[in-house]
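So the sequence lines, in the order shown, correspond to chains P, B, V and L.
For the first sequence, the residue numbers in the numbering used here are 16 to 403.
For the second sequence, the residue numbers in the numbering used here are 16 to 403.
For the third sequence, the residue numbers in the numbering used here are 16 to 403.
For the fourth sequence, the residue numbers in the numbering used here are 16 to 403.
If you are wondering where the hints come from, they were derived from the structure by calculation, not from laboratory data.
Worth double-checking, as some hints may not be accurate.
No distinction is drawn between identical chains; accordingly, a pair holds when it is met within one copy or between any pair of copies.
As the list claims (entries may be wrong) - With a Cα cut of at most 25 Å, we get these calculated DSS-like pairs of lysine-lysine:
id: 1; residue 1: K248; residue 2: K236
id: 2; residue 1: K141; residue 2: K206
id: 3; residue 1: K360; residue 2: K248
id: 4; residue 1: K403; residue 2: K360
id: 5; residue 1: K195; residue 2: K349
id: 6; residue 1: K360; residue 2: K263
id: 7; residue 1: K263; residue 2: K403
id: 8; residue 1: K311; residue 2: K360
id: 9; residue 1: K349; residue 2: K403
id: 10; residue 1: K220; residue 2: K403
id: 11; residue 1: K137; residue 2: K349
id: 12; residue 1: K349; residue 2: K311
id: 13; residue 1: K206; residue 2: K288
id: 14; residue 1: K263; residue 2: K248
id: 15; residue 1: K236; residue 2: K190
id: 16; residue 1: K311; residue 2: K236
id: 17; residue 1: K248; residue 2: K349
4 protein chains.
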Amino acid sequence: MQIKTPQTITSKQFLEIRLQTETICNGLKPEDTAIQPIDYVSPPKWHLAHTTWFFEQFVLSEFKDNYKVFHPDFGYYFNSYYNSIGDRVVRADRGLMTRPALSEVLTYRAYVNTQLAQLLDKGVSKKIERIIEIGLQHEQQHQELLIYDIKYIFGHQPSFPQLEYHINLIPETDKHNFIKIAEGVYEIGHKGDNFCWDNELGRHKTYIHNFEISNRLVTNKEYIEFIDSGGYKDFNLWHADGWDFIQKNNLTCPMYWHNVDGKWMYYTLQGFKDVDENLPVNHVSFYEAFAFAQFKGMRLPTEFEWEVAASQFNYGQLWEWTNSAYLPYPNYSKPDGAIGEYNGKFMINTMVLRGSSVATAHNHSRLTYRNFFNPEMRWQFSGIRLVK
Amino acid sequence: MQIKTPQTITSKQFLEIRLQTETICNGLKPEDTAIQPIDYVSPPKWHLAHTTWFFEQFVLSEFKDNYKVFHPDFGYYFNSYYNSIGDRVVRADRGLMTRPALSEVLTYRAYVNTQLAQLLDKGVSKKIERIIEIGLQHEQQHQELLIYDIKYIFGHQPSFPQLEYHINLIPETDKHNFIKIAEGVYEIGHKGDNFCWDNELGRHKTYIHNFEISNRLVTNKEYIEFIDSGGYKDFNLWHADGWDFIQKNNLTCPMYWHNVDGKWMYYTLQGFKDVDENLPVNHVSFYEAFAFAQFKGMRLPTEFEWEVAASQFNYGQLWEWTNSAYLPYPNYSKPDGAIGEYNGKFMINTMVLRGSSVATAHNHSRLTYRNFFNPEMRWQFSGIRLVK
Amino acid sequence: MQIKTPQTITSKQFLEIRLQTETICNGLKPEDTAIQPIDYVSPPKWHLAHTTWFFEQFVLSEFKDNYKVFHPDFGYYFNSYYNSIGDRVVRADRGLMTRPALSEVLTYRAYVNTQLAQLLDKGVSKKIERIIEIGLQHEQQHQELLIYDIKYIFGHQPSFPQLEYHINLIPETDKHNFIKIAEGVYEIGHKGDNFCWDNELGRHKTYIHNFEISNRLVTNKEYIEFIDSGGYKDFNLWHADGWDFIQKNNLTCPMYWHNVDGKWMYYTLQGFKDVDENLPVNHVSFYEAFAFAQFKGMRLPTEFEWEVAASQFNYGQLWEWTNSAYLPYPNYSKPDGAIGEYNGKFMINTMVLRGSSVATAHNHSRLTYRNFFNPEMRWQFSGIRLVK
Amino acid sequence: MQIKTPQTITSKQFLEIRLQTETICNGLKPEDTAIQPIDYVSPPKWHLAHTTWFFEQFVLSEFKDNYKVFHPDFGYYFNSYYNSIGDRVVRADRGLMTRPALSEVLTYRAYVNTQLAQLLDKGVSKKIERIIEIGLQHEQQHQELLIYDIKYIFGHQPSFPQLEYHINLIPETDKHNFIKIAEGVYEIGHKGDNFCWDNELGRHKTYIHNFEISNRLVTNKEYIEFIDSGGYKDFNLWHADGWDFIQKNNLTCPMYWHNVDGKWMYYTLQGFKDVDENLPVNHVSFYEAFAFAQFKGMRLPTEFEWEVAASQFNYGQLWEWTNSAYLPYPNYSKPDGAIGEYNGKFMINTMVLRGSSVATAHNHSRLTYRNFFNPEMRWQFSGIRLVK
């Protein structure tokens, strides 16, 4: 993997990023951290342990002299999808492991943090530093997933608990207009020496046609108009698979929305509230984003259009669905070894999202970042930007 | 319901039974009490709350002056299957409720215990006392279910935790023989004034034919012979549904058994161990019990044969599968109201088990007790007694 | 199997019964005979072949000198559930076999009929005659299943085709009253030398309590009252499994019923018609029969009550659900070999129906006959008789 | 839809194309035409009727004076997925309709053919001619689907029937080499006045990077090497979804292949045979095509690369999987009305195949044709061409 890590990582930086994970979990009860309410939501306790295992497996066990693993079975428990490393608890069974308990997982984190900080303080080779950088980027990705998963856990129980850690969307108040981009050959993909994932590399030319892109995200107010106009009942607006998806699941609104006596309310991490019409609509699937665009007589941008235009508008509230399938760039090749399993094997049946969200870790975003989800996923922080 | 409760219940007796539930849960981590690994296993935390809700709903709210419910939503959260009482969290979603946390549930128990004890100390009418008696019997049933559910939770995770509370089977060492029972008309069903469930009532005559019944349960040694003789591979021994069941689930041994390098081991609440050949075989489905009997050229008793013969042998280690479907006795009628939903509505697709088990609460057994499970269930403490 | 066949079977009798199967299929298109719309409905073409295979496999191949099988692969194609005979096409895949075509199956029937008639004309041993008798009884059972399956195929397509072969229910016009049966020991099970199945044998004493049984079946008029009174919406009337069953399948009426602009209509083998209020209600599951009885404050008879009382009322329009699980009689033992797979292995999860129906073959009924189906099955001709 | 139909269609041309559908079905038994063995395979009888309904619905009923529909219900029976037209038999229920029988469907075809031929002979407007052209293109697409579906029906029953109509692959005997294509801006999409589908329109520029593409398809011999080298057991070669797909379905070879005593055999429409090593490998999913390319250290072409390079090699034996998701071209817009449902709504979760196959109708192929299937589909005629 041609990932670049020009700066030296200090133990302070390492610990700062690591402790952010604990900060997100502030106020969680041990019970909250143990359950897996649906296969794609992992127990928070598992995130806490799995990100730690990454450093133990790929750094400490390989490069620290006389390193003693915290527990001989944790490798088996907390490997996620790295088939190369050997057996592992299958994803759907993460919620069966009530043990190790949260307290033991937190001890595991402290143990590995200390050992890793010692290693950094002694100084490490560029090669090791690169792996640590990947581990920290991986940690930050799990920080965002943690927020999605906690929201799912809290938002699917009758008492609607709140999260202490605060995450807030802000109103989309910019005056609405469309930015014009001229046809031509553009360069796409990461450049420079900063960190990026393998899937962003291979900067290459692409031909873009004329288009105009909205300077802001679709709001809840606009989305309610779509609902009220019968958007969920008009199959002409939907992909065939999208129509099946909403029929089968009886969907009539974004995830976390409830119609209470004719009024739209939703669960937020700060509690159950009236839908705020000025905020950008969140928790929509690709299918819903596409249907909304059809309804407006517009479309979603491709990821290439997005990358070309993004420096001309504000982003960062919600990941933005594009109409691009997640596919390799020209000359992409999967890195060798376990770390190579990270991105390439998901390049089918997923659509690209660009930008970042209020749940994204600090500094964990860039113009060329390619996020991706299956078109029916809705638990992530995802919104809509239109192109005409 | 014609349930008899001749004795006066004291607050001391009440608390003793109630605290036994906490005792069973000794040493559980909060995480252990929150998950629902499969639809028929409830989170231990749910048992703790649901049994408490019973006293709050049916006693305190109805009969205690100025009683203030502990929490207004707990009725909705912890109703189990009493459709008559109104909305409730569906069974399969019990594992979504991480809140109230274990600590709050324990406070709920203490609050209700105190209130109920006060009520008892003041003296209650026979009618109220009957409901409390039912509540305590219900508590004791959940004490046994708790043990099943904890065993399932601990037995399905890679670290195989142990339970502090001790439950032990003892070897079936009685010299093996068969007890002969003579043909004739016998009386079946509860008599006397002690507590019993509605399904035991309607003492009635039944005609029993000559039979001989084993004085002891089938042991692990005998069951291993069945396995080694290809018992799980010979469809002639099985019901059609039983054969489908073991094929579909790839079953080759009782629940909790693992073949480790050719040796049979199993998870017990005291850890993962070699199978003890002298103990009675446990955790078999009705299908397996039936197939084993076919293999031996014998059969299972009917529940009537069992009731007639049981005073002549020892029982109480494991619930014993009978070849009787769980059906109403002559003149059975479902009691009115919510409590009437308790037994009658399960009188289809279930088979009767008789006796009791080492997981059964003290004094919670009698000759006429009718337990029942679907023929494929295996997580309960169930064994085999043969008839020829 | 201690089945008795006192009379000598002539080739004329044999052919008469066999040709009745073709008569039922009169007017079917080849396409009608090929499909399997749901796993429990077999293609009519398969019934025609399977019943023929029975005679080829168990009689001609075993006992006719120099018999040449019609086609070497038909044994594999048309074995039904006789695991003892070897590999077979699994039940759910019967609808994949468009070949052999109907015309070839009819040739197969003619070939085997001729060969078998020759054998009978030459004279056969008692042992062979017994197997032929079983084959003919088996043929008659399939004649009834054929009618159920054709009705399902015709009743689940938009053009609602009619069957040429006529089957008619008649109004239940007897003045309604209840027949009293006195308590005591009665004998149950087959006696005499006529043919019966193994599951009727072992005539034995049983103790019956006082009861009163209706002299006629429940009518469509009465059943519509149940529907109109909200019977399908009141969980108190239903078994827990029955309630789940009707919820999951959105059931609000018997199979083949449709509410057309507020009027109840149904598919019959003579076309789509208004429901005739005076006819007995047909195509109800055990769950619906039970709930209807609860609604009336009565109950279903046990199969023993039914057998004791049946000589005192008319039956034969519809099989009558009893509240007895299908279980072995005392001293029942499964016959050896393939024929032994016939009944015993279904003695779980099924309920007994008694009597017979207008779809039952001529002479294929008797007081002791035990039919059985899973409690949710509705495609068979099944009605309701009440006990109080 | 900007579809171009420059030539005048004669009734002779119309009938020629229509009768080809009957020719493909030569020798089918009525039973073969009635079943739907899996949801994505339609009964051949349904194809025969549905393609006819298209002409009746969109041409005769709209434009022929005094046209009398053949049967008033056929519109409901044989609409496929045109939600705009109203109710329809859901796709999975096509196999329930044994009626109309094959003979009636053939009469329907003759009736509509005659009426349509009359209309053509009288002369029609350009607008009508366009719709007829679409109907004929649609007919030809169903001709290919018919072959896939018949092969599925015949290939999934134990007697492996043969199809009279002959379809043959020929050996890939061209000397193997790779064709180099130079980087630059290329034009993609249909040009000229001939017929094309809406999804090919919007000819536009795209930037292509240097690549080399194989001059021939992957052969069975090469694919067997992949199998023998453990290709189906090495997760590193597969997408995550692909790996799950082959695990869940226990796949170890292409569809229709069977390992008989260590030798690879397959069902072809000319019977069950040894795999011919020189023929191109057929019936692979996108997942398998991708994994094979990974195994060879190469990759699949994008659809744009394919279109640019295709004039330099032979194609037409098998549709060729590309690594392009099926997405709209720039400025694509869905045509209005029912015909607009044809392509756009499938632009998610599908991958593009290019070229054509030996099952494709004569003249029904062109460089810009975009076929598409879900990545797990294998019943279509699909092969592999590599890029390095």
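Verification of the hints:
no.: 1; hint: K248 <-> K236; in the structure: within (19 Å within a copy, 39 Å between copies)
no.: 2; hint: K141 <-> K206; in the structure: within (20 Å within a copy, 54 Å between copies)
no.: 3; hint: K360 <-> K248; in the structure: between (35 Å within a copy, 15 Å between copies)
no.: 4; hint: K403 <-> K360; in the structure: between (33 Å within a copy, 19 Å between copies)
no.: 5; hint: K195 <-> K349; in the structure: between (36 Å within a copy, 23 Å between copies)
no.: 6; hint: K360 <-> K263; in the structure: between (28 Å within a copy, 17 Å between copies)
no.: 7; hint: K263 <-> K403; in the structure: neither (31 Å within a copy, 42 Å between copies)
no.: 8; hint: K311 <-> K360; in the structure: between (35 Å within a copy, 17 Å between copies)
no.: 9; hint: K349 <-> K403; in the structure: between (35 Å within a copy, 15 Å between copies)
no.: 10; hint: K220 <-> K403; in the structure: both (23 Å within a copy, 19 Å between copies)
no.: 11; hint: K137 <-> K349; in the structure: neither (32 Å within a copy, 62 Å between copies)
no.: 12; hint: K349 <-> K311; in the structure: between (39 Å within a copy, 14 Å between copies)
no.: 13; hint: K206 <-> K288; in the structure: neither (43 Å within a copy, 55 Å between copies)
no.: 14; hint: K263 <-> K248; in the structure: both (13 Å within a copy, 24 Å between copies)
no.: 15; hint: K236 <-> K190; in the structure: within (15 Å within a copy, 63 Å between copies)
no.: 16; hint: K311 <-> K236; in the structure: within (14 Å within a copy, 52 Å between copies)
no.: 17; hint: K248 <-> K349; in the structure: between (42 Å within a copy, 19 Å between copies)
Of the numbered hints stated above, those contradicted by the structure are hints 7, 11 and 13, listed in ascending order.
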